[in-house]
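Using the hints provided, position chains B, C and D with the ligands relative to the given structure of chain A.
Here's the letter readout for the chains.
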Amino acid sequence: MNLSIDVTKPEEKHSVMTLDGEVDAFTAPKLKQELLPLTETEGALVEVDLGAVNYMDSTGLGIFISALKSTKEHGSDMKLVHMHERVYRLFKITGLTEIMDINTSVRGGM
Amino acid sequence: MNLSIDVTKPEEKHSVMTLDGEVDAFTAPKLKQELLPLTETEGALVEVDLGAVNYMDSTGLGIFISALKSTKEHGSDMKLVHMHERVYRLFKITGLTEIMDINTSVRGGM
Amino acid sequence: MVNAFDFIEVKVPAKPEYIGVVRLSISGIASRMGFNYEDIEDLKVAVSEAITNGVEHAYKSDEDGELTIGCGVYEDRLEIMVADHGGSFNLEAVKEEIGPYQQEDNVEELREGGFGLFLIDALMDKVEIKSEHGVIVLMTKYLHENEVGRDGDQVSTSQ
Amino acid sequence: MVNAFDFIEVKVPAKPEYIGVVRLSISGIASRMGFNYEDIEDLKVAVSEAITNGVEHAYKSDEDGELTIGCGVYEDRLEIMVADHGGSFNLEAVKEEIGPYQQEDNVEELREGGFGLFLIDALMDKVEIKSEHGVIVLMTKYLHENEVGRDGDQVSTSQ
Ligand SMILES: Nc1ncnc2c1ncn2[C@@H]1O[C@H](COP(=O)(O)OP(=O)(O)O)[C@@H](O)[C@H]1O
Ligand SMILES: Nc1ncnc2c1ncn2[C@@H]1O[C@H](COP(=O)(O)OP(=O)(O)O)[C@@H](O)[C@H]1O
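Order-wise, the sequence lines are chains A, B, C and D. Per UniProt numbering, the first sequence starts with residue 1, numbered consecutively. Per UniProt numbering, the second sequence starts with residue 1, numbered consecutively. Per UniProt numbering, the third sequence starts with residue 1, numbered consecutively. Per UniProt numbering, the fourth sequence starts with residue 1, numbered consecutively.
What the hints contain is simulated information worked out from the structure, not anything from laboratory work. Bear in mind the structure is a predicted one, so any value in this text is a computation, not a measurement. Treat the hints with care, since some could be wrong.
Here are the simulated DSSO-like cross-link-like pairs (lysine-lysine), alpha carbons at most 30 angstroms apart as the crow flies [stated by the list, open to error]:
(1) A:K92 with C:K126
(2) A:K69 with C:K60
(3) B:K30 with D:K11
(4) A:K92 with A:K79
(5) B:K32 with D:K15
(6) B:K69 with D:K130
(7) B:K92 with D:K130
(8) A:K32 with A:K69
(9) D:K60 with B:K92
Isolated chain A, as found in the complex:
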């Protein structure tokens, strides 16, 4: 039911945020607070590793939408990687796969 957030910076403008747990209205505020600042540097690449996120709902979608808006505003980039198929499905249903750079762990599979 919790979410742990870990951020590393392999290179100056490249940050990798690794999430582990569930993204819902309880855990989302912390995620937003950690994620948004990473997108506010011009030329930054923010990679969010969702390989250990087994649950997300619309609160999580909202956070990634605001992060995406922030990248457009600041000239940075965001990639969502290793997304579980079930979580991907929510991005798909809501049409967000059209505008976000998403890579799933077992895309098409399950």
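Then chains B, C and D with the ligands, alone, in the frame of chain A:
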């Protein structure tokens, strides 16, 4: 919340019952029904592998007590193996470790 | 679950920390009923959306609100009701603002909310919303016959 | 959990299939409160014992009984109440028959039940049982200060 029960017979009088899941008042009747008959052959050795049982309550204790009584009655033997420390604790508190042959996976550890 | 109808009721404070607790209870009920992995995930999201709305929109920030979750367990379906006693809202007006992202939308103007009710609708088989004294969301998910007793990690063919 | 006191209530049919569902809800509440792994396991067993008693002893087999589980979430403790509306029982008489196995007991005569109330007592910090119109078991587990925010799989030093 469920319990899966698997029985193999490596030798004629030796049966190994492998349990996976939780033993409570919902799953216990099935366990009792499978376990008791195994103890009813003279000279039989019944080994119950609890390595994948992460939850047990007094309903489970009751089943193993009645299986123990059945072994005494029929001249067979029962061993409980790979018991989790937390489950072992219940056998300890209730004094049952004194009369049952129990081997824990991480005895003393945890 | 021999009876035609079992009823489970859960009441929690309208606070974000209890959303996960209710989600866990619902997934327990659904898994006991024999729903498959995919449907359980859908149920978890739909219920969380309804509860999140109760937490975020029903009560004023200084109010100590409560949410009631009712589950009707039938042989062929799970009915879940999420009710608050907060303010009502204009469903027709809201309906015009929710739904999936449209290609034509400009990313800069993209809304960050409004996916909750849409997801409930997409993930459940039947949804009814009443908004009079507080809001009641009543949602149904059917247990497809071929799912009962299935292994949780098999792929569902029932969508 | 900023407030001094949150109340969660769960009502389930008095049937064995819902024992696991309630256990899951309780473990969710306890884990959100910051209880460590060992204490959560103790809570799960104690609550299951109380519910199992409600399922097995409270109602006649043709009665459709219900169990009410109330959880008081305090900053320093979790209070759990399990109540049924079935028949009452003579606690004093029962007390003489429960408790751990005694060395002198003969295995052939060993009782197969009677460990439930004893385990509740052993695993919780405080237990009160009232048996008038139905049975109410009220149990308390304290959250030890050094446990809050601790990692679930660390060893507890608080026993
Ligand atoms: N329980 C509720 N009480 C009051 N208003 C609600 C409730 N549920 C939904 N609403 C209204 O409907 C709108 C749309 O809800 P939803 O689709 O879940 O998106 P979001 O919650 O992200 O705004 C909300 O913004 C709110 O105005
Ligand atoms: N909720 C209840 N309603 C009626 N009788 C009860 C209830 N809980 C306990 N009892 C009585 O107390 C006895 C001891 O309970 P317990 O220690 O849990 O052992 P067991 O349930 O295995 O008999 C029961 O056998 C029953 O007679």
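Item checked: Restraint status (C-alpha distance of K92 (chain A) to K79 (chain A) at most 30 angstroms) -> The hint holds at about 16 angstroms.
Note to self: Hinted pair, alpha-carbon criterion (30 angstroms max): K60 (chain D), K92 (chain B). Please report holds or violated.
What the structure shows: Violated, because 33 angstroms separates the two Cα atoms, which is more than 30 angstroms.
Next item on the list: For the pair we were handed, K69 (chain A) and K60 (chain C), check the Cα-Cα distance against 30 angstroms.
Entry: Distance ~29 angstroms between K69 (chain A) and K60 (chain C) Cα, so the pair holds.
Note to self: Does K15 (chain D) sit within 30 angstroms of K32 (chain B), going by the straight-line distance between their CA atoms?
What the structure shows: holds (19 angstroms)
Notebook entry, point to check: Are K92 (chain B) and K130 (chain D) close enough, with their CA atoms no more than 30 angstroms apart?
Noted result: holds (28 angstroms)
Note to self: Can you confirm whether the C-alpha distance between K30 (chain B) and K11 (chain D) stays at or below 30 angstroms?
What the structure shows: holds (26 angstroms)
Item checked: 30 angstroms limit on alpha-carbon distance, applied to hinted pair K92 (chain A) and K126 (chain C) -> holds (21 angstroms)
Next item on the list: Starting from K69 (chain B), check that the Cα of K130 (chain D) is at most 30 angstroms away, please.
Entry: violated (34 angstroms)
Check: Does K69 (chain A) lie within 30 angstroms of K32 (chain A) when you go C-alpha to C-alpha?
Finding: Since the Cα atoms of K32 (chain A) and K69 (chain A) sit roughly 13 angstroms apart, the hinted pair holds (cutoff 30 angstroms).
Checked against the numbered hints listed earlier, the structure breaks hints 6, 9; every other hint is satisfied.
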